[in-house]
Amino acid sequence: MLLYAGQRLAAIVPTLIGVSIVTFGLLHLVPGGPAVAMLGMAASDPKAVAAVTRELGLDRPLPTQYWLWLRRALGGDFGMSTEFHVPVSSLLFPKLEHTLILTAGSLVYAIVIGTILGITTALYHRSLFDRLAMLFTLIGASAPVFWIGLLLSYLFAIKLRLLPALGMTSVLGPPTVLSVLEHLILPAFANAIIALAVIARIVRSAMLEALVQPYVLAARARGLPRWRQVVVHAFRNVLPDAINITGLQVGFLFGGALFVEVVFGWPGLGYLIYSSIQARDYVTMQAAVLIVSGVFVIVNLAADLARLALDPREARR
Amino acid sequence: MTVLGPAPVPARAAEGEAPLLEAANLTVRFGSPAGEVHAVEDVSLRVAPHESVGIVGESGSGKTVTCMSMTWLLPSPPARYVGGHIRFKGEELRRNDEAQMRRIRGRGIGMIFQNARLSFNPAYRLGAQIAEVLRMHFRTPWRAQLPRVLETLRYCNIADAEGVLQRYPHEVSGGVAQRVSIALALLIRPDLLIADEPTTSLDLLSQIEVLGLLERLRAETGLALVLVSHDLNVVRRIAERVVIMYAGRIVEEGPAHEIFAAPRHPYTQGLLASALQRTEGGRLYELPGTPPDLAALPPGCSFRARCAHAFAPCTSMPPLLPAGAGHAARCHLLAREAADG
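Chains as they are written, first to last, in the numbering used here: chain E, 6 to 322; chain D, 4 to 344.
Treat each hint with caution, since some may be false.
[As the list claims (entries may be wrong)] Derived coverage of chain D by chain E (criterion: at least 3 residues anywhere in the stretch with Cβ under 8 Å from a Cβ of chain E; other residues may be distant):
| no. | segment |
| --- | --- |
| 1 | 69 to 78 |
| 2 | 123 to 134 |
[What the hints assert, rightly or not] Sample of chain D residues facing chain E (criterion: CB under 10 Å; computed from the structure):
| no. | residue |
| --- | --- |
| 3 | R106 |
| 4 | G109 |
| 5 | G111 |
| 6 | M139 |
| 7 | T143 |
| 8 | I241 |
Because the hints were derived from the structure by calculation, they are not lab data. In this text the structure is predicted, and so the values were computed from the model without any measurement. Even glycine gets a Cβ: it sits at the ideal position worked out from N, Cα and C.
Take the sequences, apply the hints, and build the full model.
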């Protein structure tokens with residue numbers, strides 16, 4: 006188990022290096038090069054281009070540039086935002102926190118509703134409820150996040166006026182936990198639907214398989230009540246699958262936040278990437294993409310290790 | 004024997020004693036795309052207290068379904084209870100009454116299965132699974148149960164009883180797992196133990212050990228036992244009474260010594276010939292043909308197509324005809340012999 010965990014940890018190092026190279030390279034793939042891209046309309050002035058090139062060290066060889074960029078990034082220094090003229094890190098980390106709040110909210114929806122839906126549809130396999138729920142998950146998993154977000158926003162915020170449509174806290178009065186939660190309900194649900202549908206489907210099929218295992222029959226024959234057969238025996242063996250797929254979903258929830266944040270005006274990393282793309286603030290965008298990739302890799306690793314720890318057969322390897 | 008309940012009781016059941024378990028005209032069918040599968044047809048079975056009954060048949064003969072019907076462990080749908088009664092200690096069991104069934108399962112009728120390792124949850128240690136079942140049935144703390152658990156495990160020839168409790172099912176052999184599952188069944192103190200092919204998936208040494216244990220249990224505790232097997236040699240060692248099933252019906256039943264010494268049904272004769280033969284002097288005997296499709300049973304005797312003695316009356320289903328004290332066979336030959344005098 007420890008050996009395997011060590012191997013997995015070691016394996017993410019090359020992944021992260023690859024991610025950093027691609028992220029770094031993105032900037033240099035922009036037509037005309039980074040300096041021209043950043044200046045936009047002002048790029049017609051060669052003096053300005055030369056100034057930016059010098060300022061960002063773009064005149065040095067690429068490997069040197071990469072090495073300098075990486076060394077500073079590892080120290081938490083991502084350079085200055087060309088749009089907001091503040092250090093990118095001071096923009097990034099508060100936004101990361103907001104995005105993590107949105108991701109966590111979506112994750113709670115996806116896990117709780119997805120798991121309950123998966124278990125109940127497996128128990129009522131082939132019933133009308135099962136069919137309707139599966140149709141819902143099929144539609145949910147196929148629909149784009151921003152479209153669902155717009156629909157939810159239109160229905161609950163604009164038509165029914167039940168929930169706020171935009172932002173993270175109320176503009177009236179001081180920000181409270183309660184007002185954040187209130188603002189979280191719609192965007193988190195919109196973001197959760199795909200993951201919820203995927204979790205529900207995986208849990209359902211794994212439960213269908215687990216429920217017919219001999220140990221569930223034996224538990225029944227030994228006089229255990231139905232709920233223990235379902236939860237303690239069948240669902241326990243679905244957990245590794247459920248955690249595995251949930252771990253993968255965390256990454257996608259994190260990515261889905263990008264769209265949802267724009268639809269619901271949620272001040273997170275996704276909104277930051279969106280606005281930095283619009284403002285041609287490639288330094289900020291680059292840093293945000295790097296952070297997103299790093300979080301994605303680490304989350305998947307954590308999910309993998311959790312799955313191992315929960316399956317004794319795997320843990321003993 | 005302090006752990007395993009009352010003092011030893013003479014194993015032989017008295018004639019006419021009230022049965023512990025009684026199935027009457029039990030009929031169970033399964034829905035399938037190919038048509039309705041007649042898994043169990045009109046099966047009547049009595050198990051007296053302290054009696055051991057062997058049920059023998061090929062795969063698909065209905066022996067497992069018969070046993071699983073007793074505490075209604077069948078998946079339903081597709082299983083459908085068509086008719087008949089099941090009484091346990093005089094109480095009519097209603098298959099759709101989960102609360103009543105749960106009271107009987109484990110506590111009244113214990114079951115052990117073919118693959119004992121698979122009958123334990125791979126995610127939990129054996130000790131935790133034993134503790135869970137005992138907590139559900141007795142509501143006494145595990146600490147108070149532990150001495151009895153260890154004693155019962157040792158009775159079941161598990162030397163390292165403490166160690167086994169710490170193991171996961173995949174960490175023990177099939178033979179050890181089967182003995183743990185027998186120990187667990189005993190710990191709930193059932194009146195009847197149903198063992199469905201308990202030795203089939205074991206290696207030869209483990210088979211001998213598990214059979215020896217079941218034999219010892221029979222002799223020392225007076226627990227009633229239903230032993231299901233396709234293997235006549237297994238049943239011969241333990242059962243006092245034997246029931247032979249074919250295509251969902253009982254084709255012969257009687258005292259074990261009579262069935263083995265003087266089988267009356269041609270199917271039983273064929274089974275015995277193929278199971279007990281010696282190899283010297285030529286080919287192994289095998290029954291010709293294959294069992295019929297339970298979704299499309301031909302009218303008349305189900306064994307007719309494979310029977311060397313088939314004659315005109317076999318196109319109608321014969322009843323179970325008496326063939327001695329407590330011995331009966333479902334064959335028209337018996338009627339002919341009786342008529343011939």
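Here is what the structure says about each hint:
Here's how the segment 69 to 78 of chain D fares: 3 of its residues keep a CB closer than 8 Å to some CB of chain E, so the rule of at least three is met and the hint holds. Beta-carbon proximity to chain E at under 8 Å applies to 5 residues in the segment 123 to 134 of chain D; the threshold of 3 is reached and the given coverage holds. Taking 10 Å as the C-beta cut-off, the interface hint given for R106 of chain D holds, the closest approach to chain E being about 8 Å. With a cut of 10 Å, the hint placing G109 of chain D at the interface with chain E holds, because the nearest CB-to-CB distance is about 3 Å.
Interface restraint check for G111 of chain D: the shortest CB-CB distance to chain E comes to about 9 Å, inside 10 Å, so the restraint holds. For M139 of chain D, the interface hint holds, since its Cβ comes within 10 Å of a Cβ in chain E; the closest pair sits about 6 Å apart. With a least beta-carbon distance of about 16 Å to chain E, the hint placing T143 of chain D at the interface is violated under the 10 Å criterion. About 20 Å separates the beta-carbon of I241 of chain D from the nearest beta-carbon of chain E, more than 10 Å, and the hint is not met.
Comparing the model with each numbered hint stated earlier shows that hints 7 and 8 do not hold.
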